[in-house]
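In case you want the letters, here they are:
Number of protein chains: 2
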Amino acid sequence: MERKFKYEVMKEIKERWSPRAFDEAPVEKDELMAVLEAASYAPSCFNEQPWRFIVADDENKLKRLRGILAPSNQEWANRAPVLILIASKKNFEHNNKNNKWHEFDAGTAWGFMALEAQRRGLITHAMGGFDKEKAYREFNISDEYDLITVVALGRYGDKSNLSKELQEREQPAARKGIDELILNV
Amino acid sequence: MERKFKYEVMKEIKERWSPRAFDEAPVEKDELMAVLEAASYAPSCFNEQPWRFIVADDENKLKRLRGILAPSNQEWANRAPVLILIASKKNFEHNNKNNKWHEFDAGTAWGFMALEAQRRGLITHAMGGFDKEKAYREFNISDEYDLITVVALGRYGDKSNLSKELQEREQPAARKGIDELILNV
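Chains as they are written, first to last, in my numbering: chain Z, 1 to 185; chain L, 1 to 185.
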């Protein structure tokens, strides 16, 4: 599917997509930290910053994080040198009441992360397919956090490592036209 | 509060914050559409693209959207030349089942929107404070959508139009350190 931009938009937005052909080479610590710092500057309701990260970039933690992924994701994401589980704090810190925007705000942080990674020549792919209950247990995470997605981070590798089916899907996905996104009210 | 970046990150992320001193001058249609197109290229679960926009950039629609804002937001956001209500489709299109990532994904689109606006010299400020029920009624929006936030979009204006209290808050907010965001598991 070809992407057709009608307007001039940021290079990182134009060029970013969600590949599966990860190279196994590690990501330098500074690159990883910069990407997380970028995420941390997302706006959020009451500047709550509900996003939290479980970061795996060594073999021990990677093994544990891979273990919670859906098999269909393990198939390709096991090669990613970094996996980041994005969690989000459900309640506000200032009053302990439910933060209705925690998922939305965590999504904004993920957007910042993805674009900063892109700027650095890194690729990202977020996966909804993981075992949430297993993740809570494996990492002993308190239920004050919601577990949203696991992000694979790394560099583009060899497409031929993917199954034939995944090779065929290894391309940027098209988008709805803007008209379809604007509700006419 | 001063922002201290430890790493080199994207200019747009470094410089973006959420001002309230909007200039009343209109935003060109092409700028607005480019910002929405940027949002539309966010990644989402199954490429669902759950984000929807109710866009007000003429006096009639602006009046209606201002009417749903909390008075504390009206105080400054009434000067913004564009208001965008971000809605999000709760169920997947392919199976009509609940999309647990719709808010997260809408947040990613908002992140892309905010950074593309920043790149174009536009400012944005998202507001959680609005009357959701009134918004459903006013715009006759189906409950298949969740209503998440109203974004003010425009250019930076004259700070002295703000109340003294808001003038004092008119600066970038600090962030938690990355260590506070990484859950040690």
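Bear in mind the hints are in silico, worked out from the structure with no lab data behind them. Errors might be hidden in some of the hints.
A pair holds if it fits inside one copy or across any two, identical chains being indistinguishable in the list.
Unchecked claim - No farther apart than 30 Å at their CA atoms in a straight line, the calculated lysine-lysine pairs in the DSSO-like style are these:
no. : residue 1 : residue 2
1   : Lys-29    : Lys-159
2   : Lys-134   : Lys-6
3   : Lys-132   : Lys-61
4   : Lys-97    : Lys-159
5   : Lys-61    : Lys-29
6   : Lys-11    : Lys-132
7   : Lys-29    : Lys-176
8   : Lys-89    : Lys-132
9   : Lys-90    : Lys-61
10  : Lys-159   : Lys-176
11  : Lys-4     : Lys-176
12  : Lys-100   : Lys-63
13  : Lys-164   : Lys-63
14  : Lys-164   : Lys-29
15  : Lys-97    : Lys-176
16  : Lys-134   : Lys-11
17  : Lys-164   : Lys-89
18  : Lys-6     : Lys-90
19  : Lys-29    : Lys-6
20  : Lys-11    : Lys-63
21  : Lys-176   : Lys-134
22  : Lys-29    : Lys-11
23  : Lys-132   : Lys-90
24  : Lys-63    : Lys-14
25  : Lys-14    : Lys-134
Treat the numbers as computed from the prediction; the structure is a model and nothing was measured.
Any of the earlier hints contradicted here, and which numbers? Hints 2, 4, 6, 14, 16, 17, 20, 24, 25 not satisfied by this model.
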